[in-house]
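K.L.:
Listed below, chain by chain, are the residues.
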Amino acid sequence: MKKKRRMNPVLKKELVVNSRSIKMSLAIMGVNAFLALIALVAILEAGAGSSNYEYSALVSLFPIIGCLECGMLSLIVPVITSGSISGEREKQTLDIMLTTPMSPFSIAAGKLWSAMVIVMMYMLTSIPILSIAFVLGGMSWWALLGLLGMLLYLGIYVGSIGIFCSSVVKRSISATVLTIIIGVAILMLTSILFAVGMGVLSYLTVVVNNQQATGNPQVFHPGLVPAIMMFNPYSPFFDFMLRSMTNYSVCEMVKDAGNISPLLEIFYNLWIPISIGLNLFIALGFLKLAGKNITVSRKIKRK
Amino acid sequence: MLEIKGLTKKYGKFLALDNLNLHVDRGEIFGFVGPNGAGKTTTMRIICGLLRATGGTVLVDGVNAIANPQEIKRKVGYVPDFFGVYDNLKVMEYMEFYGDMYGMDKEDVDEVAEGLLELVNLADKKETFVDTLSRGMKQRLCVARALIHNPDLLILDEPNSGLDPRARFEMKEVLKNLGSMGKTIMISSHILPELAEMCTSIGIMERGRLMLSGRVEDIMHQTRISRPIHMRAYAPDFADAREGRDYIVTLLMEQPEISRVNFTEDEILLSFTGEEEDAARLLKYLISKNVLVSNFYREKENLESLFLEITGRAKA
Ligand SMILES: Nc1ncnc2c1ncn2[C@@H]1O[C@H](COP(=O)(O)OP(=O)(O)OP(=O)(O)O)[C@@H](O)[C@H]1O
Ligand SMILES: [Mg+2]
Chain X
1 MKKKRRMNPV LKKELVVNSR SIKMSLAIMG VNAFLALIAL VAILEAGAGS SNYEYSALVS
61 LFPIIGCLEC GMLSLIVPVI TSGSISGERE KQTLDIMLTT PMSPFSIAAG KLWSAMVIVM
121 MYMLTSIPIL SIAFVLGGMS WWALLGLLGM LLYLGIYVGS IGIFCSSVVK RSISATVLTI
181 IIGVAILMLT SILFAVGMGV LSYLTVVVNN QQATGNPQVF HPGLVPAIMM FNPYSPFFDF
241 MLRSMTNYSV CEMVKDAGNI SPLLEIFYNL WIPISIGLNL FIALGFLKLA GKNITVSRKI
301 KRK
Chain E
1 MLEIKGLTKK YGKFLALDNL NLHVDRGEIF GFVGPNGAGK TTTMRIICGL LRATGGTVLV
61 DGVNAIANPQ EIKRKVGYVP DFFGVYDNLK VMEYMEFYGD MYGMDKEDVD EVAEGLLELV
121 NLADKKETFV DTLSRGMKQR LCVARALIHN PDLLILDEPN SGLDPRARFE MKEVLKNLGS
181 MGKTIMISSH ILPELAEMCT SIGIMERGRL MLSGRVEDIM HQTRISRPIH MRAYAPDFAD
241 AREGRDYIVT LLMEQPEISR VNFTEDEILL SFTGEEEDAA RLLKYLISKN VLVSNFYREK
301 ENLESLFLEI TGRAKA
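Each protein sequence line maps, in turn, to chains X and E. Just so we're aligned: 232 in this note's numbering is position 232 of the first sequence, and the numbers increase by one with no gaps anywhere. Just so we're aligned: 114 in this note's numbering is position 114 of the second sequence, and the numbers increase by one with no gaps anywhere.
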């Protein structure tokens, strides 16, 4: 017997419920209105000052709107995912869900996918505005596709943390805050580790050079230390923006900082896929943990 | 159908279920009665795999519920004591959602759901949003939902709580219908007469223990002997009311048929197990001891009093 691939039931239900939510439509409209405003300012700016209109200046819309979308996504996703499990608890619908054979992990996954559908809606509805940078500014369409992929990846990453928090904390609001705290903690931790690592390396290089005094001075070898930043979820986005707007890349930055072996050069050139792979793996871990935490409410609620 | 042996559940140090043994046959409607905190909900949640037992076994249709929670979930339908519904979801979509969670195809779900909504009298509400339904309708919808995967055992935790008499009646009709269809049903309540009408067997629980269980007729027979007496009495020999009262209590407690004496505001309630003649003899005895009796009334046969009797005895 052939087993039909079926849509996650939780996702299917969430789609129906969300499509009826006016709040959601208003939020999407609000976000796009904001993006449109930015685009309008950019268009007017490009025309101002000189007599001939500088279409190429519109290309700068791409990183601006890209970063804005990235920032908004980092705030919106915690909000939409933080209620996913705690909301079911608050509504007292989780227990019934758990009496069905559906696994807690699939429930968590369904919640994540439905959040991603919302993320996609935000992104797709903003394409017309982004297109200004492409049609008028002459950006490559691959860049647009890449941006959408980046945002989706970030959404999955932040969303998994959000769902994890939602499964741990009782109230949805606390889950939102906790998600943002964990996100910021990851950013700080990777940056601090990176800075300390680089600091120690360059200090050692200086010490070695001072001791040798003459001869050919020891060059700085960053080695694998910059790879710490691969755990920074925004680093692939950064590399992507560098690559789409300039000839520069994270790999070039590392090379500018010191000497790396050809093997490491290949490694750093693959920053985007490696980092995304690593972080999606971490996201999967968060989602698994969420599945573990989706159990019956500890206290039987009395009304 | 349902076989519970030595079931124990501890919440920290608190012993919520104490070596519980229970047996329900196929096709029975089993009434699970007990005061608040007796452990009914705990037992039910263990059966449907929501809670882990500390010890003991639960067999549903021969399947060990504790070892095979996944398999049990297909055999059991559960209506919790408190539950919520989603906003922005219609009745039929609600049914489809749960059918989907059991891995059923949409066509099958729709067909089954139609029949179930008919059964619970919600056939005309298919396109209504679930959050706008009344409490009683939600409760019945939840019963229909619990039946979507055609479980062998239906577990209802206080399905009547918060319902008005009309809604209670409708719920009872639904459950009676289900019973006549041959479903095995377990219903909890702390109101015994309500259950007695529709149940085929009953278990009375108190503080995590099953005090009594059996077929309704058998238990009814027992109530014929165990029925409390309400009386009003005074001891004129004592000036002090308290002393008089103590005198009466001493007299009463000497009687082998009386297990408990309760003073309410102006009444004395006796837990009395004896034949009619014994009651008459008690009255005569009291009068012979110079106790003035102004009211002496034995309750009718009634499961409720048996319930109070049994659960009260556990407290003493
Ligand atoms: N999650 C929990 N943590 C600690 N104690 C609990 C928990 N759930 C229940 N209890 C305790 O276990 C005992 C049995 O509770 P249970 O809810 O099973 O009783 P019940 O018979 O369903 O009562 P009710 O008629 O109030 O619904 C109670 O004393 C309750 O306080
Ligand atoms: Mg209960």
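Simulated from the structure, these hints should not be mistaken for laboratory data. There could be a bad hint or two in this list.
[Stated by the list, open to error] With a cut-off of at most 20 Å between alpha-carbon atoms, the simulated PhoX-like pairs for lysine-lysine come out as follows:
#1 170(X) to 255(X)
#2 90(E) to 91(X)
#3 183(E) to 126(E)
#4 125(E) to 106(E)
#5 126(E) to 12(X)
#6 106(E) to 23(X)
#7 12(X) to 5(E)
[As the list claims (entries may be wrong)] Only some residues are given here: those of chain E computed to face chain X with a beta carbon under 7 Å:
#8 82
#9 177
#10 178
#11 179
Glycine included, every Cβ here is placed at the ideal spot set by N, Cα and C.
K.L.:
Next step is simple, just say for each hint if it's right about the structure.
P.N.:
Now for the hints, and whether the structure bears them out:
1. 170(X) to 255(X): With Cα atoms ~47 Å apart, residue 170(X) and residue 255(X) exceed 20 Å; violated.
2. 90(E) to 91(X): Judged against 20 Å, a Cα distance of about 16 Å means the pair holds.
3. 183(E) to 126(E): violated (24 Å)
4. 125(E) to 106(E): Distance ~19 Å between residue 125(E) and residue 106(E) Cα, so the pair holds.
5. 126(E) to 12(X): Roughly 18 Å between the alpha carbons, so the hint for residue 126(E) and residue 12(X) holds.
6. 106(E) to 23(X): violated (29 Å)
7. 12(X) to 5(E): violated (40 Å)
8. 82: holds (6 Å)
9. 177: For residue 177(E), the interface hint is violated, since the closest Cβ of chain X sits about 22 Å away, which is over 7 Å.
10. 178: violated (18 Å)
11. 179: violated (21 Å)
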